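For the sequence shown, position 115 (counting from the first letter as 1) is numbered 115 according to our numbering, and the numbering increases by one without interruption.
Simulated from the structure, these hints should not be mistaken for laboratory data.
If you're wondering where the values come from, they're calculated on a predicted model, not measured in any experiment.
Check before you lean on any hint, since a few could be wrong.
[Claimed, not checked] Label pairs and their computed distance ranges (CB to CB):
#, residue 1, residue 2, range
1, 143, 298, 21 to 29 Å
2, 270, 99, 17 to 25 Å
3, 179, 336, 39 to 47 Å
Heads up, the beta-carbon is just placed ideally off N, CA and C, and yes, glycines get one too.
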Amino acid sequence: MSKTIMITGGTGYIGAWIVKMLLEKSYTVRMTVRNKAKKEKYEKLEQLQEQLPGKLEIWEADLLKEGSYDGAAKGADAIIHVASPFILRFKDAKKDLLDPALLGTRNVLNAATRSGTVKKVVLTSSVAAVFGDNIDMAEQGLNEFTEQHFNTTSSAKHQPYSYSKIIAEKEAWSIAKQQNSWKLVVINPSFVLGPALNGSSDSESLNFMKDILKGRFFFGAPDLMFGFVDVRDVARAHIVALEKEDADGRHILAVKTMSIMDLTNMMKKMYGSKYKLPLMKAPKPLLMLIGGLFGVTPKFVKRNVGHKIRLNTTRSTEKLGLQYRNMEETILEMVEQMHKQKLV
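Given these sequences and hints, build the entire structure.
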């Protein structure tokens with residue numbers, strides 16, 4: 001009999017790939033959605049299921065509603081908790097980011113404990129739970145960030161998205177320690193790129209690439225450094241974490257750490273002058289002045305622009321056995337898919 005996996009956030013950018021991979025491996029997938037009536041959110045995944053050996057079930061549940069995951073969790077062998085807002089443009093940080101991240105994690109993990117059947121929970125966290133600002137590495141006297149580091153510089157006012165990831169992950173570890181029926185494994189991806197399976201045009205990853213391709217940074221890109229990773233590698237990491245008996249702890253995911261200019265210079269070699277890619281780095285003093293127009297505070301500019309980061313990904317390659325796709329392949333397939341969806 002195939003195992004049953006409950007997944008939250010299965011219609012999203014990362015979650016849809018996890019659902020596909022689970023169905024390919026003949027799992028029964030219980031995917032939770034906030035409103036079953038909105039079939040457009042998951043009909044592509046239902047169509048996909050028809051060609052794959054696994055079984056897809058749609059269950060209704062709400063991150064903010066205590067007990068709403070109990071039905072889907074009961075009888076499940078494991079839970080993959082992906083659902084958490086990844087939005088950088090919001091009106092109310094507490095309502096739009098912090099509550100769904102914290103309360104959602106609490107509700108899902110408490111449902112795991114009450115289920116009596118769940119043996120493992122795989123949580124999608126982020127490198128944003130490892131560090132908040134790029135300057136943290138230098139300020140903390142580090143050569144690199146590892147899984148031992150936790151973000152201590154983000155707050156509800158400064159870097160609220162990063163803060164949502166650290167409070168959610170800490171809550172998960174706290175709940176995990178209070179019970180002994182299931183084991184927690186955490187995945188900490190860096191900036192995720194690559195093709196969207198479920199037409200996730202609201203993904204910040206797609207918005208970022210859209211901005212690059214449409215020339216938003218043409219006259220100058222901020223000297224911001226990120227770790228990058230392919231969405232399919234992130235999904236695969238979740239599957240391995242689920243299936244590997246001895247998987248434990250946190251796992252930073254990144255194929256490469258590079259600046260926006262490094263990324264777009266690589267794209268220039270791939271595409272030539274097809275897109276209005278950045279001509280140069282934007283001067284930091286200018287960003288301090290006009291960052292507000294793009295929703296960026298002077299504090300963010302000061303603590304992130306021009307500061308290098310390094311991410312240690314040894315645990316992902318040695319413990320999970322990940323072999324990362326190269327960035328060129330990720331970009332090519334992402335841009336091709338965006339054209340098909342008429343996003344650019």
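Here is how each hint holds up against the structure:
1. Against the hinted window of 21 to 29 Å, the Cβ-Cβ separation of residue 143 and residue 298 comes to about 28 Å, which satisfies the hint.
2. At about 41 Å, the beta-carbon gap between residue 270 and residue 99 misses the expected band of 17 to 25 Å.
3. At about 45 Å, the beta-carbon gap between residue 179 and residue 336 stays in the expected band of 39 to 47 Å.
In summary, the one numbered hint that this structure violates is 2.
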